[in-house]
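If you're matching them up, the sequences are chains A and B in order. Under the numbering used here, think of the first position of the first sequence as 1, with each following residue one higher. Under the numbering used here, think of the first position of the second sequence as 1, with each following residue one higher.
Watch out, some of these pointers could steer you wrong.
Below are the DSSO-like pairs computed for lysine-lysine, each with C-alpha atoms no more than 30 Å apart in a straight line [to be verified]:
hint: 1; chain 1: A; residue 1: K98; chain 2: B; residue 2: K37
hint: 2; chain 1: B; residue 1: K37; chain 2: B; residue 2: K67
hint: 3; chain 1: B; residue 1: K37; chain 2: A; residue 2: K108
hint: 4; chain 1: B; residue 1: K37; chain 2: A; residue 2: K136
hint: 5; chain 1: B; residue 1: K39; chain 2: A; residue 2: K134
hint: 6; chain 1: A; residue 1: K111; chain 2: B; residue 2: K39
hint: 7; chain 1: B; residue 1: K37; chain 2: A; residue 2: K34
hint: 8; chain 1: A; residue 1: K99; chain 2: B; residue 2: K87
hint: 9; chain 1: B; residue 1: K87; chain 2: A; residue 2: K134
With the Cβ distance kept under 10 Å, some of the chain B side facing chain A (calculated, not the full set) [stated by the list, open to error]:
hint: 10; residue: C57
hint: 11; residue: A61
hint: 12; residue: S70
hint: 13; residue: E72
hint: 14; residue: G73
hint: 15; residue: E81
hint: 16; residue: K87
hint: 17; residue: A89
hint: 18; residue: L91
hint: 19; residue: S93
The following residues of chain A were derived to be distant from chain B, with all beta-carbon distances above 12 Å [said to hold, decoys possible]:
hint: 20; residue: P43
hint: 21; residue: R58
hint: 22; residue: P161
hint: 23; residue: E186
hint: 24; residue: E214
Please keep in mind that the hints were generated in silico from the structure rather than gathered at the bench. As the structure is a computational prediction, the values presented were derived from the model and not from experiment. No residue lacks a Cβ here, since even glycine has one placed at the ideal position from N, Cα and C.
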Amino acid sequence: MPKAFLVDTTRCTACRGCQLACKEWHDLPANATKQRGSHQNPPDLNPNNLKIVRFNERMTKEGVVVWNFFPDQCRHCITPVCVDVADMAVPGAMIKDKKTGAVLATEKSAKLSPADAKAVAEACPYNIPRIDPKTKRITKCDMCFDRVSAGMQPICVKTCPTGTMVFGEREEVLAVAQKRLAFAKERFPKAHLVDMEDVSVIYLLAEEKEHYYEYAGFM
Amino acid sequence: MNTTRRSFLKLMGVSAVGLSLGQLGFDLAEAQAYASKLKIEGAKEVGSVCPFCSVCCQIIAYVRNGKLVSTEGDPDFPVNEGALCAKGAALFSMYTNPHRLTKPLYRAPFSDKWVEKDWDWTLNQIARRVKDTRDKDMVLKNEKGQTVNRVDTLFMMGTSHASNEECAVIHQAIRSLGMVQMDHQARV
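With the rest of the complex left out, here is chain B (with noise of 0.2 Å):
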């Protein structure tokens, strides 16, 4: 048979839609308390990965007109076949979650508050930064006199979530500001 499990489970989802609620076994006004509708009937299917541990879980997300409805695990993923832990489970939880940050916050060199920042600055903020500190700190030669090119000031610390090909391009630009410390995610 040439369908994926994922087309399979939506010919079942059509089929189920076809049936009318008297067949269901019981009678219409009481199955009206269920919900005859799937809460993610029609919803785009949007593939992501869960951003906790370093195992990095696929899941889907179900999206409708823009909004996510709900999220679980996609079973066409080798690596987790469908299922999450209690963490990954409770992704919808985190996007709904009122303590969500959607913003940049910035905390000042002594201050004790939190301020709403763009990303423009912000990204520029880190942008100078990085800069100023390779700047002072670049060492050209060690004490042999052998040319080592690094800043031993900065720190890079990779995430799992990565891909192959994107640790590849990090790596290289990370490597071309000098930096040598680097660390990665799954062992923190």
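Same shape as in the complex, but just chain A (with noise of 0.2 Å):
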């Protein structure tokens, strides 16, 4: 049975706990970091972060300040356009896992030409593979597949303190995210989920996806 997400960032507090439980359990190294101004650190989605929390701030028409969390990591689409587009160069470079609907990164995906790689990160729609200078492989969210493999939830959802990701069955979470939404909706009446058709990983916005990241959603 095909596994989804649901990341409901109306509940995000932007703790980051995700982030860094995605690092421990993938034993990644620190980056070196410096002052930019923001709280989204490290700025972008690289080889030793394959989870941020991305931070959108604004004031609107009415002078107030909105600050919206993004817990930004791979959709885990239903039709992967990366697994289409390495398979054309170095099959099985990229694969989606039948059973739980995970997509993943192979060991092959070393031997993608640079330009090929690059061809790879650019058909996201979502702007997630990254690639590792070192390796050559393609890097991003699996799904903590050996977690998931072995009936545990990825580290994220587990390590989330305020219950804003939920992991399960697709059907399950589907079911979820519809009661999440409607609740949602008599705070936030732009309340939408993002993409549910075509990804695993679904987003609950308050807001136009705009007001949280340039690729927070696709439709």
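Mind docking these for me? Both chains are given alone in their own frames, and the hints should help you get the complex.
Set out below in structure tokens:
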């Protein structure tokens, strides 16, 4: 049965527990960081950060400051474009696991030419894949494939202290998503679920996707 | 069903290991790129507590051959229910951090250098200074002549990581020294 995530951003406090837990589970080293005037740190996804919480701050016409948080990760698309593009160059470099629906970058992704790897990364509608300059592999969220295969939750979901993240069978998660959406709409009339039919990681946003991140949604 | 959530998860883990890789839906060669084995598989689960704030989230430390291999939130603990914030989620890195202190460091008065000391020396120093301070500053009577038996120059900083029973023992020990200034780490 395919799995799905719900990321209810109306609950996210941007504690970045998911971001850190992901690093720890995948044994990824620290990045050199510097103060850039934002809590979004590091500034973007990279081979050492498969998940980051994006911060977007703005002032509305009414003079109210709105601070939106967006825990960004691979959407594990139902029909992943990255897999199609990679298959044209190196079959098996990117695969979609039938059982869980996880989209994985395998060891073979290191065999992609720099141009092909770039094409795979740029094909992603959500700007997720990054190329590790050392191993030449494509790096991205792997849905904690080892944990999920063993019947456990992905570490980001397990760690989330606010219930922003939900993981489970797709049908069940879709039902939770609709419930959460109805609840969120009472407070945020523009609340909506992003690209629900096409992805396994469904975001619930309180307002237009532009107020979160350029690549927050595709449709 | 007479099974706890943890034992259920363990059962799930065992059944997943029993699956052949072919059943996972793609070629064996491609699957090899992905760890077929969980990094915490077979590791002993040791209960521990996050050392940072006063919430004291409980964590499971996974230990194999006497070495910590991973940490995550304890789903059976009612306070955090398996969740952790960014600090708690990064406990494993704190353990492996090369900057982590593993021995007591001592800086003598007016010195600008830290010197490594062993625990025996350190604990003796602390005991010596507590005793000297108490001997010097013990007040038996206040200006009204009432018996007070207190030391105003020592201060006790408690911790929310201590249980009720531990707090009772610590409290009695501290009171027996005549200490009256106490506070708690959760307030600072």
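Here is how each hint holds up against the structure:
1. Only pairs whose Cα atoms come within 30 Å are accepted, and K98(A) paired with K37(B) is accepted, the gap being roughly 19 Å.
2. This hinted pair checks out: K37(B) and K67(B) have alpha carbons roughly 18 Å apart, not beyond 30 Å.
3. For the proposed pair K37(B) and K108(A), the alpha carbon gap of about 19 Å is at most 30 Å, so the pair holds.
4. For a cut-off of 30 Å, the pair hint linking K37(B) to K136(A) stands: about 24 Å separates their Cα positions.
5. With a CA separation close to 23 Å, the supplied pair K39(B) and K134(A) stays within the 30 Å bound.
6. At roughly 26 Å between alpha-carbon atoms, K111(A) and K39(B) fall within 30 Å of each other, so this suggested pair holds.
7. For the hint linking K37(B) to K34(A), the alpha-carbon distance of about 36 Å lies beyond 30 Å, and the restraint is violated.
8. Between K99(A) and K87(B) the CA atoms are separated by roughly 33 Å; this puts the pair beyond 30 Å, and the hint is violated.
9. The straight-line distance between the Cα atoms of K87(B) and K134(A) is roughly 28 Å, inside the 30 Å bound, and the hint therefore holds.
10. Because the closest C-beta pair between C57(B) and chain A is about 8 Å apart, less than 10 Å, the hint holds.
11. Look at A61(B): its Cβ only gets to about 12 Å from chain A, farther than 10 Å, so that hint breaks.
12. Using the Cβ-Cβ criterion of 10 Å, the hint placing S70(B) at the interface with chain A is satisfied: the shortest such distance is roughly 7 Å.
13. The closest approach between the C-beta of E72(B) and any C-beta of chain A is roughly 6 Å, which is under the 10 Å cut-off, so the hint is satisfied.
14. For G73(B), the interface hint holds, the least distance from its beta-carbon to any beta-carbon of chain A being 6 Å, beneath 10 Å.
15. The interface hint given for E81(B) holds, since its Cβ lies 9 Å from the closest Cβ of chain A, which is under the 10 Å cut-off.
16. Because the beta carbon of K87(B) sits about 8 Å from the nearest beta carbon in chain A, less than 10 Å, this interface hint is met.
17. At about 4 Å, the closest approach between the beta carbon of A89(B) and any beta carbon in chain A falls short of 10 Å, and the interface hint on this residue holds.
18. Restraint check, L91(B) versus chain A: the minimum CB separation of about 8 Å is within 10 Å; hint holds.
19. Because the closest C-beta pair between S93(B) and chain A is about 6 Å apart, less than 10 Å, the hint holds.
20. The beta carbon of P43(A) sits about 17 Å from the closest Cβ of chain B, which is more than 12 Å, so the claim that it is off the interface holds.
21. Every C-beta of chain B lies more than 12 Å from that of R58(A), the closest at about 24 Å, which supports listing it as non-interface.
22. At roughly 4 Å, the least C-beta separation between P161(A) and chain B is not larger than 12 Å, which violates its mark as non-interface.
23. E186(A), annotated as away from the interface, keeps every beta carbon of chain B farther than 12 Å; the closest lies near 25 Å.
24. The Cβ of E214(A) lies farther than 12 Å from every Cβ of chain B, with a closest approach of about 24 Å, so its non-interface assignment holds.
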